[in-house]
Amino acid sequence: NAGVTQTPKFQVLKTGQSMTLQCAQDMNHNSMYWYRQDPGMGLRLIYYSASEGTTDKGEVPNGYNVSRLNKREFSLRLESAAPSQTSVYFCASNGQGSQPQHFGDGTRLSIL
Amino acid sequence: SQKIEQNSEALNIQEGKTATLTCNYTNYSPAYLQWYRQDPGRGPVFLLLIRENEKEKRKERLKVTFDTTLKQSLFHITASQPADSATYLCALAMDSSYKLIFGSGTRLLVRP
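Going down the list, the sequences are from chains A and B. Heads up, my numbering is the position in the first sequence plus 1027, with the first residue counted as 1. Heads up, my numbering is the position in the second sequence plus 188, with the first residue counted as 1.
Don't read these hints as lab results, they were simulated from the structure. Fair warning: there could be bad hints in the mix.
[Unchecked claim] Result set (DSS-like, lysine-lysine): computed pairs, CA atoms no more than 27 Å apart in a straight line: (1) B:245 / B:205; (2) B:287 / A:1098; (3) B:245 / A:1084; (4) A:1041 / A:1084; (5) A:1036 / B:287; (6) B:205 / A:1084; (7) B:245 / B:287; (8) A:1084 / A:1098.
Please read all numbers here as calculations on a predicted model, not as lab measurements.
Put together the whole structure using the sequences plus the hints.
Laid out in structure tokens, this is it:
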């Protein structure tokens, strides 16, 4: 009964390094999402994938890329990490747009 | 653009009382509104969804109201317990699309 699994849970990077955050869901959901959460701010949508084979930009896509590898997996890549990308990253999934989203427990990423 | 405002100050109440949390939005009425609970170090967990044509929704000790005239949703927890202590997030969607806009959340502390 795993739900949404994110790896790694914690990571420290140096400026300019690259990194891929992994997300997998076992609920047979069509849609998957990547958010970032910063202190005092709400969750902000980075990218989403409405269905397997499609991806779309959210509110804050700059500096990120995504891949919907298959129905289960949706990865987020930072090609050249910047200190402004220090944040907690959450992956979520649901059956379709208006349905409640199921979240993973996040990846805490620090960029020095 | 659409904005959500939740009280950034923590709400501190006595066990057994009713907690009432506020979510205000600007501009257009959303198609639906969702409430999530978030515990420290964990991802948000869905609680309730209310649509624009609904005035009120209930689930056990939880109640959500939606007033499109006031541009406001209220979230109530009756007979509050210390275990209800968490941050509560409000999220809205302008249509049945995949983009949720989250508020920054209100922290609730229930004293025994």
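Now the hints, each set against the structure:
1. B:245 / B:205: Judged against 27 Å, a Cα distance of about 20 Å means the pair holds.
2. B:287 / A:1098: holds (19 Å)
3. B:245 / A:1084: violated (32 Å)
4. A:1041 / A:1084: holds (26 Å)
5. A:1036 / B:287: holds (25 Å)
6. B:205 / A:1084: Since the Cα atoms of residue 205 of chain B and residue 1084 of chain A sit roughly 43 Å apart, the hinted pair is violated (cutoff 27 Å).
7. B:245 / B:287: Cα-Cα ~22 Å, so holds.
8. A:1084 / A:1098: Distance ~18 Å between residue 1084 of chain A and residue 1098 of chain A Cα, so the pair holds.
Going through the hint list in order, the structure does not satisfy hints 3 and 6.
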